[in-house]
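Build the complex from these two chains, which are given one at a time in their own frames, with help from the hints.
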Amino acid sequence: MKKFILPILFLAGGIPGWSAEADAAKEASPPVKMESAGLPSTNSAPDAGTEILSKSAYFDLKARTAIYIGDVRVHDPKMELTCEILTVQLSPQGGGKFESGIGETNVVIDFVDEKGQKIHATGGKVIYRYTVTPTATNDVMELMDNPLLHTPEVDWSGGVISFDRINNTVKGDHSRVIIRQPAGTTNGSIFGPAN
Amino acid sequence: MRAEFHDERRGQRPAGGGILSRGLLFIVLAAGWATDLSAEETNRPGLIGMPTESFGRVKNFFVPDYYESPNQNQMKSLLRGAEAEPQTNGSVLIRELQVETYAVSGTVEMTARAPECVYNATEQTANSASHIEVRTGDGGMLVKGEGFLWHNADSTFTISNRVHTIIRQTPAKVPAP
Chain Y
47 MKKFILPILF
57 LAGGIPGWSA
67 EADAAKEASP
77 PVKMESAGLP
87 STNSAPDAGT
97 EILSKSAYFD
107 LKARTAIYIG
117 DVRVHDPKME
127 LTCEILTVQL
137 SPQGGGKFES
147 GIGETNVVID
157 FVDEKGQKIH
167 ATGGKVIYRY
177 TVTPTATNDV
187 MELMDNPLLH
197 TPEVDWSGGV
207 ISFDRINNTV
217 KGDHSRVIIR
227 QPAGTTNGSI
237 FGPAN
Chain S
5 MRAEFHDERR
15 GQRPAGGGIL
25 SRGLLFIVLA
35 AGWATDLSAE
45 ETNRPGLIGM
55 PTESFGRVKN
65 FFVPDYYESP
75 NQNQMKSLLR
85 GAEAEPQTNG
95 SVLIRELQVE
105 TYAVSGTVEM
115 TARAPECVYN
125 ATEQTANSAS
135 HIEVRTGDGG
145 MLVKGEGFLW
155 HNADSTFTIS
165 NRVHTIIRQT
175 PAKVPAP
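So the protein lines, in turn, are chains Y and S. Here the first sequence is numbered in my numbering, starting from 47 and rising by one per residue. Here the second sequence is numbered in my numbering, starting from 5 and rising by one per residue.
Treat the hints as calculated values from the structure; they're not laboratory data. Just so you know, these numbers come straight off a predicted model, no measurement behind them. Careful, some of the hints might be misleading.
[Stated by the list, open to error] Here are the computed lysine-lysine pairs in the BS3-like style, where the Cα-Cα straight-line distance is at most 30 Å: (1) S:Lys63 / S:Lys148; (2) Y:Lys108 / Y:Lys164; (3) Y:Lys108 / S:Lys148; (4) S:Lys63 / S:Lys80; (5) Y:Lys101 / Y:Lys164; (6) Y:Lys171 / Y:Lys101; (7) S:Lys80 / Y:Lys108; (8) S:Lys63 / Y:Lys101; (9) Y:Lys171 / Y:Lys161; (10) S:Lys148 / Y:Lys171; (11) S:Lys148 / S:Lys80.
[Claimed, not checked] Using C-beta positions, here's what the derived DEER-type ranges look like: (12) Y:Ile212 / S:Ser109: 24 to 34 Å; (13) S:Pro74 / Y:Asp106: 18 to 28 Å; (14) Y:Val158 / S:Gln76: 48 to 58 Å; (15) S:Glu127 / Y:Glu97: 25 to 35 Å; (16) S:Arg172 / Y:Val154: 21 to 31 Å.
Glycine included, C-beta positions come from ideal geometry on N, C-alpha and C.
The shape of chain S in the complex, shown without the other chains (with noise of 0.2 Å):
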């Protein structure tokens, strides 16, 4: 099986490689794969794909999502996770997540963190009961929250209960670095 692995350079798709979708990584996870990718173990930061002897786990996994073309090359978000695990009902759920996402320039437009979430490929959603942080690249606002539900297909997302939005005036855009 192919490894693959984030780039550094943030937002750029590693040369050589193709992507590893988040749909890619449902089947990895829901076929069972045994893919214990600790980057600890590993020495390579977000590897994916490795079979190990941990069945149906992968950790300290990242999920880069791209651009179409012509921006084939620029990331449009990345997805990390400490601990990804299959589920009977065929979605995956990932503890302490975080969710980036970027501009077609490659700023940081949002970034999520939540401490757990259940992800449905096929539905491109996610959700969960817990904690849900959400904070724009620029630092301007941050929201935080209980519950919530994703909809990666129309970039749109639900905070169920006690959300506490907090907004700070910034200069400007903040590139990227």
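Just chain Y, same shape as in the assembly (with noise of 0.2 Å):
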């Protein structure tokens, strides 16, 4: 598997279906972990390209670090994300791979899940980690300054939304969390069968 795209990829494949009662307002939430059909591992990108868009950029070749200023745009099969600042970290590795990536002002990812379901997030910061240690690997993705995470199904808000692709879990800290009953639905139930 590839390792990603694009460090904000985190989002690609969609949040569907997660399994755990959401937690809500104003403290830090427990991870929620997703069903299987949730969050992509990380090697399930597709090799597509990635196209990103920008008034101006800056490159250190010897830091290996992108820093992509002004109207910046990203367009991948999986998502669109847009922002004023994108600093990418490449991988050492080469080969299009990135270790991390921070998206700032006016953060907007758009992206169509697994389920075909679009789910809107936007912030004013987004910050997406890579690690591989002896011990561990550490794929997250962290969206903060009053972030709001918007599918047919939740609305998470406020603090810092937090994804760890690795553990398909989300985990609001600080975070509000609406869950929406879909039309024709009785038991509310929309992350997964009523137990």
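Take a look at the structure:
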């Protein structure tokens, strides 16, 4: 599996079917485990091109850093991202892989999950990290600065919304979660079968 | 004047000869030496430094730069140009620029192309308002834009306008042929 076309692909593939009850407002919530149909594994992204457009850019070849500035737009087969500043840390492995990325100012992310649901996320900042150590692999995205994650079923807002791609969990730190009951359902179990 | 040319083996210092650094190229050009070094005329690709009747210009040149010891035989970068013309301010106008950078292993790290740029040997910078295209050696990343400033000393460059990056996943680093 390929690691990642773009750090923020974190969301690509969707966030369908959270399986646990969403913790609500104003408290750090425990990680919400997602079902197998949730976030894709790190290696599931297809090998399609990703475009990054910006007004200007700065590249540090020694530090393997690229900073895109001004009207940054990312077009990917699975997602669209806009922001004002996008900083990416290229992987020393090369091959168009990234270790981390930071999108700043007016971050807007749109993608379609594996169920075909449209997911819309906004925030002042998004941070993606991918690290591998002898004992663990971390693949986490954090949306912050008044973040909002809107799905047809759930809205997350506020605090810091973290996505752990390895463990397929979403954690809201001081976030508010609003669960909407789809029309026609009676038990409100939009995250999976009612127990 | 001693003529030197780049060995066809990628990234290897030619045996028995010193290198013509970018600084030396600058000096050669700034001194106004007649240096029409057309590869077609000499039939030796990349020949540098042979004086001819064309005043102050170098054609079809390339300038290798090598790592420091203990990798002194490994090329660090290779600058090519269709023509280099000294400017009044001491800089050099290079047309049809192509720069390749290499890792110590000899792998191509990056290739940059631009229709023209102005190279300042003192500051080790190159800049232009023209189009630039930069491609990583493994093919994973292609960057295009308009207008750029390259700092050779710290290996940084800025693209000023209309930056367009295309990223494609590649299996692994592609070694230099």
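How the hints compare with the structure:
1. S:Lys63 / S:Lys148: holds (26 Å)
2. Y:Lys108 / Y:Lys164: violated (39 Å)
3. Y:Lys108 / S:Lys148: The hint holds at about 20 Å.
4. S:Lys63 / S:Lys80: Given that 30 Å is the threshold and the Cα spacing comes to 22 Å, the pair holds.
5. Y:Lys101 / Y:Lys164: holds (28 Å)
6. Y:Lys171 / Y:Lys101: Measuring from Cα to Cα gives roughly 19 Å; hence the hint holds.
7. S:Lys80 / Y:Lys108: The hint holds at about 13 Å.
8. S:Lys63 / Y:Lys101: Between Lys63 of chain S and Lys101 of chain Y the Cα gap is close to 34 Å, so the pair fails against 30 Å, i.e. violated.
9. Y:Lys171 / Y:Lys161: Measuring from Cα to Cα gives roughly 26 Å; hence the hint holds.
10. S:Lys148 / Y:Lys171: holds (26 Å)
11. S:Lys148 / S:Lys80: Since the Cα atoms of Lys148 of chain S and Lys80 of chain S sit roughly 23 Å apart, the hinted pair holds (cutoff 30 Å).
12. Y:Ile212 / S:Ser109: 24 to 34 Å: Cβ of Ile212 of chain Y to Cβ of Ser109 of chain S: about 31 Å, so the range 24 to 34 Å holds.
13. S:Pro74 / Y:Asp106: 18 to 28 Å: Holds, since Pro74 of chain S and Asp106 of chain Y (Cβ atoms, about 26 Å apart) stay within the stated range.
14. Y:Val158 / S:Gln76: 48 to 58 Å: Check passed, 54 Å falls within 48 to 58 Å.
15. S:Glu127 / Y:Glu97: 25 to 35 Å: The hinted range 25 to 35 Å holds for Glu127 of chain S and Glu97 of chain Y, with Cβ atoms some 33 Å apart.
16. S:Arg172 / Y:Val154: 21 to 31 Å: holds (24 Å)
Comparing the model with each earlier hint shows violations of hints 2, 8; every other hint is respected.
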